[in-house]
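Given chain A, put chain B in place with the hints provided.
Protein chains: 2
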Amino acid sequence: MNSCGIIVEYNPFHNGHQYHIMKSKEESQADCVIAVMSGQFLQRGEPAIIDKWHRSRAALQSGVDLVVELPYLFAVQHSDYFSKGAVLTLDALGVNSICFGSENGSISPFLESYDHLSQNATLYEKSLRESLNEGNSYPEAARTANEAIGISTSNFDFSAPNNILGYSYVKQIFNYAPSIEPLTVERKESQYHDSTISGQMASATSIRKEILNNNQITEQAASTLPDATIEELISYYNQTHLWHEWDKYFDLLHYKLSTISLADLKEIHGVDEGLEYRLKQAIKSSTSFMDFMERIKTKRYTWTRLQRTCTHILVGLTKTEATKHLNTNSAPYVRILGMNHIGQRYLSEYKKKMTVPLITQPQQLTHSLLDIEEKSTAAYYSPLSAKQRVHQYHNEFGPPLRILQ
Amino acid sequence: MNSCGIIVEYNPFHNGHQYHIMKSKEESQADCVIAVMSGQFLQRGEPAIIDKWHRSRAALQSGVDLVVELPYLFAVQHSDYFSKGAVLTLDALGVNSICFGSENGSISPFLESYDHLSQNATLYEKSLRESLNEGNSYPEAARTANEAIGISTSNFDFSAPNNILGYSYVKQIFNYAPSIEPLTVERKESQYHDSTISGQMASATSIRKEILNNNQITEQAASTLPDATIEELISYYNQTHLWHEWDKYFDLLHYKLSTISLADLKEIHGVDEGLEYRLKQAIKSSTSFMDFMERIKTKRYTWTRLQRTCTHILVGLTKTEATKHLNTNSAPYVRILGMNHIGQRYLSEYKKKMTVPLITQPQQLTHSLLDIEEKSTAAYYSPLSAKQRVHQYHNEFGPPLRILQ
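Chains as they are written, first to last, in the numbering used here: chain A, 878 to 1282; chain B, 878 to 1282.
The shape of chain A in the complex, shown without the other chains:
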């Protein structure tokens, strides 16, 4: 079977995602679409609005054939590690291509930039390091380094978040899985950072904002979502009485930061360069997550970088755990979250060729990344009522979803 991999968060699954799947199938001529999806927490260091099970179900009802989990360790990282984890996972599943959304839908600027960067790696690294040493954030330093080697943003906008990610996918495909063909299709939804909905192809950010601010799926939000997503959002809310956002974790973050020792805080992944003092000091006076973030923000760190660090503090990811696995060259395992009959057929055909463990339940394998997954799931469900928490947590150890209509 010809298979196409896609790298997704689905927070939540919207019309733009549906379009992406349809066009990816066209472009790749694949029989099976495999999505590697972030779990409970996302790349920007945020809890997903609904849990990974409800997001997987919406995806399986909207064109995805197989959903596998991107381990927390890779999911909550800057684009290079995020891409690496996703590409390694899709490679372990033997996909023929990976198709991502980009601003203009053409793969050549990504390939040309990769070639150009490969030829100018030394200069790029030097410029990057200098800019970081001057106290600039990573995205800023990367922009400067790109300019230094002559990749200007005039003919290709590297600052668009989806292009940054796309470039990162291409880079990691060439680095770690060169047999996979990189493909891209044009995005139809509005810009990633747009905060208001306009039309039926809106960014996930604007959709979440509309839903969370109104604490309901307004007509405007509904117009951007497939029915399956609306059903899953409502079903999750009816069970748990909430949709997740950072503010619902602020009490826990406060408790954790107030009771952890400086030495242990310094051991958390992302707490570098004396950030531990700043975090400890700021939490004492903070009255909301936003207030806290404003207090810890500096020129040096992007908002996203700090949010990711807050997530690692909440989950308790240590530097030791992180460094042990981030520099791997192969997926630690592949964990199935859900499948339809096409995905099931693909798996039964391909699993004999797999060289990493394939699991349908975490208890099938002893692996420290699964311990981190368990902690992240426990932290994710913490704002729920005690009864719902127990109920949802037990799903984590149940079988994957099977949508076999």
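There's no promise every hint is true.
If chains are identical, the list can't say which one is meant, so a pair holds when it fits in one copy or spans any two.
Stated by the list, open to error - Below, simulated DSS-like cross-link-like pairs (lysine-lysine); rule was C-alpha separation at most 27 Å, straight line:
#	residue 1	residue 2
1	K1157	K1143
2	K1161	K1228
3	K1065	K1176
4	K1252	K1229
5	K1264	K1161
6	K902	K1143
7	K1065	K902
8	K1201	K1086
9	K1161	K1125
10	K1174	K1143
Rather than coming from a laboratory, the hints here were simulated on the basis of the structure.
Same frame as chain A, but now just chain B:
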């Protein structure tokens, strides 16, 4: 000035406590009554119903001249360490006597038992160790050991909680501060473990139960409390919208236990003999604090012992921190929570003679026990709203109370 020390929790301060102060003054002929009081968490491993500041104010308005804090490390311990910390603190303040409440108000059975035990220490220790090795709880083993050396409960009821504590006070006075005279007065309130109020001298347990179950100070509860306590209970509730009890911390305990590693959990003071596995397993299915406690209970451990361990998990007290200071032979420091003009005069006279640091604010001294105090205070206020939490937490670093009418 002649001073008398009392060892208290005041959870909350009730008519029996007022009687104890009055009789202690008579018995000791003291000019100044000094209370060493547990802070935010108590000997039985519970949060205090209202914080230490409101409890101190009630005490100062009801006959106590000086309130000092029993450090968390000693406050949340079995009777021997609890007594040791309290006696060392009162000794550092130069009290002439310590007067405690007991069932029959006579000091001689305590002194005779101490003599008898001193003469039969080897047999006592042997019997205690054997009984513990058989899997009995510490109180049970102590009872067996007492019987082995001929201290029978027929002429003196060692099983009454106040007698256990009283005996422990006498023992630690003789061990660590033999210049202090031990005194006792008869308790007038009903038994410690009585769970319902009868009359105006009720146990603190029954008063808390009445208040927490009704979420108000009922007439029956009010009849057992001085006006000052009622005022402080109401004032605290009006600010924070709650009175503290374990259930309000269950979400935090769940979060902590679900995200801590087995290795780190094993490092918590009180987590011994594989208890870490039992705690990790039980928390997954528990839907309330009571439910959790029922799941972890065994013959070996008393309810109180397990509650104390839960408190240490919540606060994050490690074995390393605990063992470093529990075996001390002198108070680490004396921290003033509040005083009236008599207490102030006593302090200004006595402080020249003090051999340990006297502090009125924690930032005056760098000491790891004060770091633990800070963590325990942060954990204690965690169930409050974010704004109230910041407000109450800042009081921790303010000056002590001065009631100078």
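How the hints compare with the structure:
no. : hint          : result
1   : K1157 - K1143 : both (11 Å within a copy, 25 Å between copies)
2   : K1161 - K1228 : neither (52 Å within a copy, 32 Å between copies)
3   : K1065 - K1176 : neither (33 Å within a copy, 65 Å between copies)
4   : K1252 - K1229 : neither (31 Å within a copy, 53 Å between copies)
5   : K1264 - K1161 : between (31 Å within a copy, 11 Å between copies)
6   : K902 - K1143  : neither (46 Å within a copy, 51 Å between copies)
7   : K1065 - K902  : within (16 Å within a copy, 83 Å between copies)
8   : K1201 - K1086 : neither (36 Å within a copy, 50 Å between copies)
9   : K1161 - K1125 : both (18 Å within a copy, 21 Å between copies)
10  : K1174 - K1143 : within (18 Å within a copy, 35 Å between copies)
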